[in-house]
Amino acid sequence: MSLYLRKHFNLCRQLVFIYKNHRYVSTDSSNFYKPKRLYVSKMFQNFGMVQPAKSSLSCSSHKLMLYNEIIQQCYSGHYYILPLGMRALEKLRRLIDEEMEATGAQKMVMPSMVPASLWKTSGRWSLKEVFKLSDRHHQDMCLSPTHEEVVTSLFGQYSPFSMKQFPIMLYQIGPKFRDEISPKYALLRCREFEMKDLYTFDCSEASALETYEKICEAYCRIFNRLKLPFIKVEADTGDIGGKKSHEFHLPSSVGEDYLLICESCKYGRNIELVDRNKQTICPKCGSECKTSAGIEVGHSFYLSQKYSSLFNATYVNSDNKICFAEMSCFGLGVTRILQAAIEVLSSERQISWPSIIAPYQVCIIPQKEGYKSDETFDLAVSLSDQLTSRPHINGEVVIDDRLQMTVGRRLYEAKRIGYPYIVIVGKRSLESPPQFEVISAGGTNSSFMSVDSISYELSQAETI
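Going by the working numbering, the sequence shown opens with residue 286, and the numbers climb by one from there.
What the hints contain is simulated information worked out from the structure, not anything from laboratory work.
Among the hints, a few may not be true.
Derived BS3-like pairs (lysine-lysine); straight-line CA-CA distance at most 27 Å [claimed, not checked]: (1) LYS405 - LYS461; (2) LYS529 - LYS413; (3) LYS517 - LYS499; (4) LYS392 - LYS327; (5) LYS348 - LYS321; (6) LYS529 - LYS348; (7) LYS348 - LYS376; (8) LYS591 - LYS461; (9) LYS512 - LYS499.
Work the whole structure out from these sequences, hints included.
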């Protein structure tokens with residue numbers, strides 16, 4: 286019995302390790318904690334053999350993501366996110382989770398398919414962008430593009446709350462659906478996408494606005510950690526409604542929103558808010574404003590009691606009276622951020638990722654098959670093992686084992702995909718001590734380093 290229990294205890298411990306690390310690991314019991322080596326030849330790629338159609342090349346990020354097999358189109362407005370893209374997406378989710386948890390927000394899952402009654406209650410059932418369907422019982426449903434009705438209905442079921450419980454902040458990261466009339470730019474404007482939506486409940490307008498600013502600051506931290514050149518601007522409340530709204534944009538010529546940015550105080554507004562005769566004057570300092578196109582990647586709304594009054598979302602105040610909660614909602618377009626980051630950071634020929642969410646940090650390229658290629662390949666494997674033995678880089682190293690290809694060709698592909706660090710195992714690696722060529726910063730910086738120097742360099746890399 287004791288042998289049986291020990292065997293199953295060890296199995297459970299291995300499964301927990303796999304779950305916690307989300308890495309490519311070896312399940313060999315003799316060397317379980319050693320990461321499994323990842324080879325480029327085993328990755329799910331056609332290596333540029335399938336060229337994207339010319340009609341698809343609507344913006345540079347769309348072209349780069351198709352050609353480098355980050356995404357692939359299923360049909361209009363719907364995309365596969367391929368393994369490389371999924372690695373980056375999972376890291377972006379983890380980054381968002383970290384910042385949301387730091388605010389005290391609690392993560393949950395809400396249903397994507399919801400009854401029409403909720404949307405009819407809020408008056409939004411008639412929106413043309415909502416996907417609508419009926420079940421076999423002729424019950425009208427919709428695929429939610431946003432979840433104000435759903436979360437407030439849930440809050441109402443648990444009401445009334447105590448004032449001591451506020452602020453209550455609930456968020457999710459999951460699929461959303463919008464019946465776009467003309468999808469374009471791949472993940473920038475599609476019908477099915479991933480979004481982080483957060484809903485906050487407070488017991489007064491003052492505390493609600495304090496929470497509003499707290500979440501906006503968390504959004505700023507997310508974009509700063511991604512090192513993205515974002516702009517926060519005042520915006521219209523639109524179909525969601527409310528008393529106050531801000532948008533977060535990445536300036537880009539492919540953006541579909543137009544922004545007015547003050548060159549002096551940096552105050553920004555969406556052009557929809559501005560009287561045509563006063564578009565060039567900043568209302569804060571009176572200076573001139575310039576117009577910029579932007580990709581909207583985040584949005585915030587102070588809703589007040591618009592939804593809480595409809596769904597009876599209440600609390601008991603200090604006078605023991607039932608009051609409607611003050612509410613705000615916030616959204617981040619997760620898949621949109623993924624592509625928008627590539628759009629604003631990359632050149633037309635190669636991807637530059639925010640380094641913290643790059644699919645892999647390191648690509649090791651040994652010599653082409655031929656003179657002493659066996660030795661350089663063994664050195665590449667040894668270097669990979671040494672680097673991945675460090676928790677910081679565990680699971681972040683790939684070896685380009687396509688030795689039939691020249692180093693130059695593999696280097697070109699590695700730069701194009703956007704690995705933050707590329708290590709060439711060439712002739713100088715056979716010297717004593719071995720020296721490896723390390724290429725970083727999108728291929729602009731190159732230097733020869735020892736194994737210890739490479740390890741130190743990578744210890745400075747920001748990963749998640």
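- Numbered hints the structure breaks, given as an ascending list: 4, 5, 6
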